[in-house]
Amino acid sequence: MGRILASVALLAVLAASPLRAAEPLVADLSDHLVAITTGFSGADVLLFGATDQEGDVVVVVRGASRRVIMHRKSRVLGVWVNTASMTFDRVPSFYAVAASRPLDLIAGEQVLSRHELGLENVRLDLPRAKASPNVAKQWRDALLRNQAKANLYQTVIRPVSFLGNRLFRAEFHLPANVPTGAYQVQVYLLHDGRMISAQTTPLIVSKIGLQAEVYDFAQNQGALYGVIAILIALVAGWLGNVAFRRS
Amino acid sequence: MQIYLPIAEISVNVLILLGLGGGIGFLSGLFGVGGGFLMTPLLIFIGIPPAVAVGTEANQIVASSVSGVLAHWRRGNVDLKMGIILTVGGFVGSSLGVWLFAFLREIGQVDLVIRLSYVFFLGVIGALMLVESLRSLRRRRSTTASLKKLHKHNWLHGLPLKMRFQQSKLYISALLPLAVGFVVGVLAAIMGVGGGFIMVPAMIYLLGMPTVVVVGTSLFQIIFVTANVTFLQAYANQTVDVILALLLLSGAVIGAQLGAKAGARLHGEHLRVLLAVMVLGVCGKLFYDLLSTPVDLYAIGTGGH
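The listed protein sequences correspond, in order, to chains A and B.
According to the numbering used here, the first sequence is numbered sequentially starting from 1.
According to the numbering used here, the second sequence is numbered sequentially starting from 1001.
To be clear, the hints were calculated from the coordinates, so they are not data collected in a lab.
Being a predicted model, the structure only gives us computed values, none of them experimental.
Be aware that a few hints might be false.
A few chain A residues facing chain B, derived, Cβ under 8 Å [as the list claims (entries may be wrong)]:
no. : residue
1   : Ala-35
2   : Thr-38
3   : Ser-41
4   : Ile-69
5   : Ala-142
6   : Leu-144
7   : Asn-146
8   : Ala-148
9   : Phe-162
10  : Tyr-215
11  : Ala-218
12  : Gly-222
13  : Ile-232
14  : Ala-233
15  : Ala-236
Just so it is clear, CB atoms sit at the ideal spot from N, CA and C, and this is done for glycine as well.
Isolated chain A, as found in the complex (with noise of 0.2 Å):
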């Protein structure tokens, strides 16, 4: 509900001020956090923005950089092994892409790929000297193939949809296993397959309450942690015991 009150708010804003009028793209998230709470399950995440001129909207939702390894399985002796792997430096933890057209009539190849606009447009570079450019792009769709078959990558471009012809929405679907940290929602405005205006906005995916609590003392006080996880053992053996003793 506060969610919705806020957009509407959002949108009374964008649309009564004129003195947005010298910014060609304006636009905001619903909300810039993302709280992973007990009963988590994924999570919906709402832009807003309205636009001075006619065009096309990309947004594109990224999880923080980390560094991958992959690895490939070849046949030893019968059975399936990990024979050879990768690592890529550079990989978002989650993307995700909105547009009011499909991408390839929205702009030209050149465009797409400065951004980084649609899955096969993202920069995951392996080191020349470990990969000839063709094994490289086997090692790179097998990344992408597992990111999608996870829900991190997401193949499905989403829509942009405009009410009236400035103001304009997306929402973007966050599964329940999506990665934690400081993503980033890039808003774009194209015309006639050139790049008008861009904005970023933060988004933050972070465990909230019980969830970081737990989190942060295994992390920060693993020995600690380790002994009250036995003494938790403990007593709920013993007490399971005691309990069918007495009936």
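Following the hints, position chain B against chain A.
Below, chain B without anything else, positioned relative to chain A:
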């Protein structure tokens, strides 16, 4: 009803976890084994990262073993001296195992080693158990009474450091239980099991302990070894999910008590045949997975940070 697990970092249905805990707790109470050899593969199957499955399962086994050992303790079925020596071996083994686990994770081979260990140990133990229990079932039918020696004597009884274990009616080298404890410790750390399914046959056939004290004594050792694994995994690898462990053990503690009651009404030999068939089933499934062509030859590693 979904719950987000803070260390495993995935969202799982609470009822699935309670059901898993209860069902496997029942089996563990029934057969007197920890159930880890079933639980860890199932956790991995529902999407828990293998490292978290192994660390968390160790934590859960602490609870189910305490629950079980108290019942055996009251009936005087724990050989304390034997238990302590098994535990010493287990501490060394499990510490080495946790370190080995971290190393295998680093080089990307931990999944393979977990699976191969399961296939090997479950296959050997399951086959031995099946043959032995079927044979004793047949024997019981044909001949009613045959005088039997307490246990066979072989070269193992010539080892030094002999000790008397009064409760087990044994006079054997302390090196034997130390070695058994050590091996079980390593496996506990790598496979996320208590190791009962290996220790119990080893105690009967290798050490020659009387069956009455075997289960209680093995549970005694398992408590300390899995506690050690829990501590080291939490300290070195941060892979113990207490929320997951709590959900599993609340199901398991209840299941284990029900299982123990059901077990009292069944014949020992029948139980062993059932257990052997189940062990071989899990083994077969894992072996098949190793041999069949994977859907995707490429996979994202779980090692790097």
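### Query
Given Ala-142 of chain A was flagged as interface, is its beta-carbon under 8 Å from a beta-carbon of chain B?
holds, 3 Å
### Task
Tell me if Thr-38 of chain A is really an interface residue toward chain B, meaning its C-beta lies closer than 8 Å to one of theirs.
This interface hint holds because 6 Å falls under the 8 Å limit.
### Closest C-beta approach of Ala-148 of chain A to chain B relative to 8 Å, hint status
Hint on Ala-148 of chain A: violated, closest Cβ of chain B at ~11 Å, above 8 Å.
### Message
Let's test the interface hint: is any C-beta of chain B closer than 8 Å to that of Leu-144 of chain A?
### Response
Where the cut-off is 8 Å and the nearest Cβ of chain B is about 10 Å from Leu-144 of chain A, the hint is violated.
### Task
Hold the hint about Ile-69 of chain A up to the distance rule: shortest CB distance to chain B must be less than 8 Å.
At about 4 Å, which falls below the 8 Å cut-off, the nearest Cβ of chain B leaves the hint on Ile-69 of chain A intact, so it holds.
### Query
Measuring from the C-beta of Ala-218 of chain A to each C-beta in chain B, is the shortest one below 8 Å?
The hint holds - Ala-218 of chain A has a Cβ within 8 Å of chain B, the shortest such distance being about 5 Å.
### Task
Grab the minimum C-beta distance from Gly-222 of chain A to chain B and call the hint holds if it beats 8 Å, violated otherwise.
holds, 4 Å
### Message
Ala-35 of chain A was flagged as interface toward chain B. Is the shortest Cβ-Cβ separation under 8 Å?
### Response
violated, 11 Å
#### Entry: Restraint check, 8 Å cut-off on beta carbons, for Ile-232 of chain A near chain B
holds, 6 Å
### Message
Under 8 Å is the threshold here; is the Cβ of Ser-41 of chain A close enough to any Cβ of chain B for the hint to stand?
### Response
Holds, about 4 Å.
### Query
Would the hint on Asn-146 of chain A stand, with a C-beta cut-off of 8 Å toward chain B?
holds, 5 Å
### Query
When the nearest CB of chain B is found for Tyr-215 of chain A, is that gap smaller than 8 Å?
holds, 5 Å
Checked against the numbered hints given earlier, the structure breaks hints 1, 6, 8 and 9 and satisfies all the rest.
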